[in-house]
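Chemist: Chains H and R are the protein sequences, given in the same order.
Here our numbering is used: position 12 in the first sequence is 10, and no number is missing along the way.
Heads up, our numbering is the position in the second sequence plus 20, with the first residue counted as 1.
Bear in mind the hints are in silico, worked out from the structure with no lab data behind them.
Note that CB positions come from ideal geometry on N, CA and C, so glycine has one too.
Among the clues, some could well be false.
Unchecked claim - Only part of the chain H face toward chain R is listed, based on derived beta-carbon distances under 8 Å: (1) 41; (2) 44; (3) 45; (4) 52; (5) 57; (6) 88; (7) 123.
Unchecked claim - Here are some chain H residues the structure puts well away from chain R; computed CB gaps all over 10 Å: (8) 4; (9) 15; (10) 28; (11) 49; (12) 55; (13) 61; (14) 64; (15) 65; (16) 90; (17) 93; (18) 94; (19) 98; (20) 99; (21) 100; (22) 103; (23) 120.
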Amino acid sequence: MSSSKQSIRTPLARVRGLGSARAGTGDFWQQRLTAIAMVLLIVPAIVIVMMIGRNHAGAQQTLGSTPVAIVLILFTLTSVWHMKIGMQVVIEDYVHDERLKLILIIGNNFFCAAVALAAIYALLKLSFGV
Amino acid sequence: MAPKIERPLSPFMTYRWTLTMAMSIVHRITGVALYFGTLLLVWWLLATASGPQAYATFQGFIGSWFGRLVLFGYTFALLHHLTGGLRHLVWDLGYGFDPNEREWLTRAALVASVSLTIVVWIIAAAGVLR
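Working from the sequences, and respecting the hints, build out all of it.
Modeler: Written out as structure tokens, the structure reads:
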């Protein structure tokens, strides 16, 4: 922003013709796409959670069945992608220190990747029974 | 002293807290809560995949009054974010912007989220799906 003090060109003139700043509407579209996917997945996901009892063997068997595992893996993928975009928006809205913002956005990506990987690993382990 | 003249007020002078604004920030808060709530989901899946002992530890937490409270809050956050999200999808399609429609949609989303939370907990407590 320091260059704006030395230039008589307007901010609009400087950005015109450069295209979008980053990925355009990609995040906006993906946030809606994952939202619609979760509207479809939420009822089966809640039903699955309510099917699980206190018994470990029963839980193991239910979570390891093919339709249940597929629904939960789909739900994991869509929800983690949705929350990754959502948290980035929250960070960008409230954190104005560039360095801290970058650290938090990197941390957000790592957290979401770890959550997705752990959930999918557990579900596949239960499905394959190893 | 000059007579008082009726002038238009600056927006900040007429600022008042509305239901749509409250729902907007609650949508963001529930989103952030669900973000960290995924840790509970991952714990549940990993515990089931790990074995009876890890599952019993998880059950011990989720069965306690504090665990139940967290789970109840998680259910409400999820369903509030869902109904609030559906409202946003309606707006994304370009409908529901009239003052009456806007208020109606917001109230409907709020009532639906509370009702659905109660319905889910009644079904879970009755144990019909288990």
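Chemist: Taking the hints in turn, state whether each one holds.
Modeler: Hints, one by one, checked against the model:
1. 41: With a closest approach of 10 Å, the residue 41 of chain H hint is violated.
2. 44: Cβ of residue 44 of chain H sits 6 Å from chain R, so the hint holds.
3. 45: Constraint on residue 45 of chain H satisfied, holds at 6 Å.
4. 52: Holds - the Cβ of residue 52 of chain H comes within 8 Å of chain R, reaching about 6 Å at its closest.
5. 57: Because about 5 Å separates residue 57 of chain H from the closest Cβ in chain R, which is inside the 8 Å limit, the hint holds.
6. 88: The hint holds - residue 88 of chain H has a Cβ within 8 Å of chain R, the shortest such distance being about 6 Å.
7. 123: holds, 4 Å
8. 4: It holds; residue 4 of chain H is separated from chain R by about 33 Å at its closest Cβ, greater than 10 Å.
9. 15: The claim stands: residue 15 of chain H keeps its Cβ more than 10 Å from every Cβ of chain R (closest is about 29 Å).
10. 28: Answer for residue 28 of chain H: holds, closest chain R Cβ roughly 13 Å.
11. 49: violated, 5 Å
12. 55: At roughly 8 Å from the nearest Cβ of chain R, residue 55 of chain H sits no farther out than 10 Å, so the non-interface label is violated.
13. 61: violated, 6 Å
14. 64: Holds: least Cβ distance 16 Å, greater than 10 Å.
15. 65: It holds; residue 65 of chain H is separated from chain R by about 15 Å at its closest Cβ, greater than 10 Å.
16. 90: holds, 13 Å
17. 93: Answer for residue 93 of chain H: holds, closest chain R Cβ roughly 13 Å.
18. 94: holds, 17 Å
19. 98: holds, 17 Å
20. 99: holds, 16 Å
21. 100: Non-interface label on residue 100 of chain H holds, nearest chain R Cβ at 19 Å vs cutoff 10 Å.
22. 103: holds, 14 Å
23. 120: violated, 4 Å
Of the numbered hints given earlier, the model fails hints 1, 11, 12, 13 and 23; all others are met.
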